[in-house]
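Protein chains in written order, with this note's numbering: chain U, 11 to 322; chain L, 333 to 527.
Hints may contain errors.
[To be verified] Footprint (simulated), chain U over chain L, 3 or more residues, beta carbon under 8 Å:
1) 367 to 381
2) 430 to 437
3) 499 to 511
[What the hints assert, rightly or not] According to the in silico footprint, chain L covers these stretches of chain U (three or more CB under 8 Å from chain L):
4) 114 to 128
5) 292 to 302
I should point out that these hints are in silico values taken from the structure, not numbers from a laboratory.
Because the structure is a prediction, the values reported are computed rather than measured.
For each residue, glycine too, the CB sits at the ideal point set by N, CA and C.
Residues per chain are reported as follows:
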Amino acid sequence: MKFQKIPAIKSSEITEQSIFENRRQLIKLAMVSTVGLLVPTPSMAKIYSKIPSGKQSVNLETTDFKDVSNYTNYYEFTTNKQDATHLAKNLKTDPWSVTVEGEVEKKGTFFLEDILKNNALEERIYRFRCVEAWSMVVPWIGFSLADFIKQFKPTSKAKFVEFTTLYDPEIMIGQKTKVLDWPYVEALRMDEAMNPLTFMATGMYDDALPNQNGAPLRLIVPWKYGFKSIKAIVKIRFTEKMPVTAWNKMAKKEYGFFANVNPEVSHPRWSQKRERILGASIFTPKRTTEMFNGYGEQVAGLYSNMDLKTFY
Amino acid sequence: MRRVFWQGLKILVFIISLVPVSLLLYDAFTDQLGANPIETLHFRLGDWALRFLCLGLAITPIKKMTGIKELVRFKRLLGLYAFFYASLHFLVYICLDLSFSMDQLMDEIPKSPYIIVGLLTYALLIPLALTSTKKMQKRLGQKWRRLHRLVYLIAILAVVHYLWLTKIDITEPLIYMGVIGVLLGFRMIKFRGLQ
């Protein structure tokens, strides 16, 4: 597949020839159909309701949308999980472009609209486990990161992929505070990025991602703690050296580069053996956390020669 | 007349102090505690325990500054409400968060020492609540005063507990630390200066 490097005019903004040639007729039609606007129409349909389910999707009962969309860690806006919902509404996610740079043949800046046209969307239901010991099950809409990466032809020097979140303190008001060293940066080893589970999400629950959940484009790495799954991505860089990531930089001992879900390795300040299931009744006990968040079969091989107590 | 006024005010304070727990119950029954209801209950109850502790500790300084002796009537009431909210905070942790699991508590304690600080703080509140009656106050005499000075230690431990468990944004625990610092500082000045 090909990307067009045309930041000047979006492909969606180019008028098709047939429309241009019939413009007079179309104007007439528009005038007539204005009358139609007076008739009430059904509310906007969900934009991804017909997306097929992906092979990697797990058959789990999903968490309520209202819980997933009102309990987010989005420090770019606030450290409060509920307030992020309304604060993130100020973010403009269209137009959006992603810059690809570093050790790749095809560098450039690409419109999200074109990226979404060139990558087959699918739904994947994954369990999402936060480092704060809570979890939820989300039906994401997006595409495989591996397929996406291949399109840019990484060179043999590309050993890591680094992702960067938008930096815009006027909108992302949390970036005016020093809770983290902005912009947020996350990264994966190349083999982790190329694993079939690794996913780029642009939607959830059959619709576009709500801003607070990382719109318009975020990473989803289901066997790692949630902070690896970076939101609102504007840059993807391929590097030879291991990138310095945001939380790792903030507290090395607490947040490792790998951050694989591991019940045997505690966070220095709390146990990771169990997790609170979001949206469950108050009488539901915590769930026992699974190694690699239950995705061991697919990913344990990536770490076969590593001591996961050292490389947490 | 004066007596009636203060008696009425005391009843009013008693009722107002039940508002936070009523709101929590209302939110619980109308499904408004959010995605993580146990956490919401636990945190909001902890906040109110600390607030009532601060209010109780504020009575003596305000009384000294304004000269309104009747304020003393509210000390026990506010202190017992601090104990009431701390008890609910403790019960939510044991019954809902831990689901009475000793295993889970043993997994959590080594990594989260602030739990021990919290449990200790609550344990220290119990004798104060039990000896809060006028009868006990009379029976214990001078010992009662000494015993109830424990509240200063409790206030410090409560703030340590809050500060220690906070992951990153420590603004709120720092505010409480400031308030309690001022309230305890007042007593230090009093001890040094006036006695």
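Taking 8 Å as the C-beta cutoff, is the stated coverage of the segment 499 to 511 of chain L by chain U satisfied by three or more residues? Contact hint for the segment 499 to 511 of chain L vs chain U: holds, 3 residues under 8 Å.
Taking 8 Å as the C-beta cutoff, is the stated coverage of the segment 367 to 381 of chain L by chain U satisfied by three or more residues? holds (count 6)
If you count the residues of the segment 114 to 128 of chain U with a beta-carbon closer than 8 Å to a beta-carbon of chain L, do you get 3 or more? Violated: only 0 residues of the segment 114 to 128 of chain U have a Cβ under 8 Å from chain L.
Assertion that chain U covers the segment 430 to 437 of chain L - criterion: three or more residues, beta-carbon distance below 8 Å: Contact hint for the segment 430 to 437 of chain L vs chain U: holds, 3 residues under 8 Å.
Tell me whether the statement that chain L covers the segment 292 to 302 of chain U is true, taking a Cβ distance below 8 Å and needing three residues at minimum. holds (count 4)
Comparing the model with each numbered hint stated earlier shows that hint 4 is the single one that does not hold.
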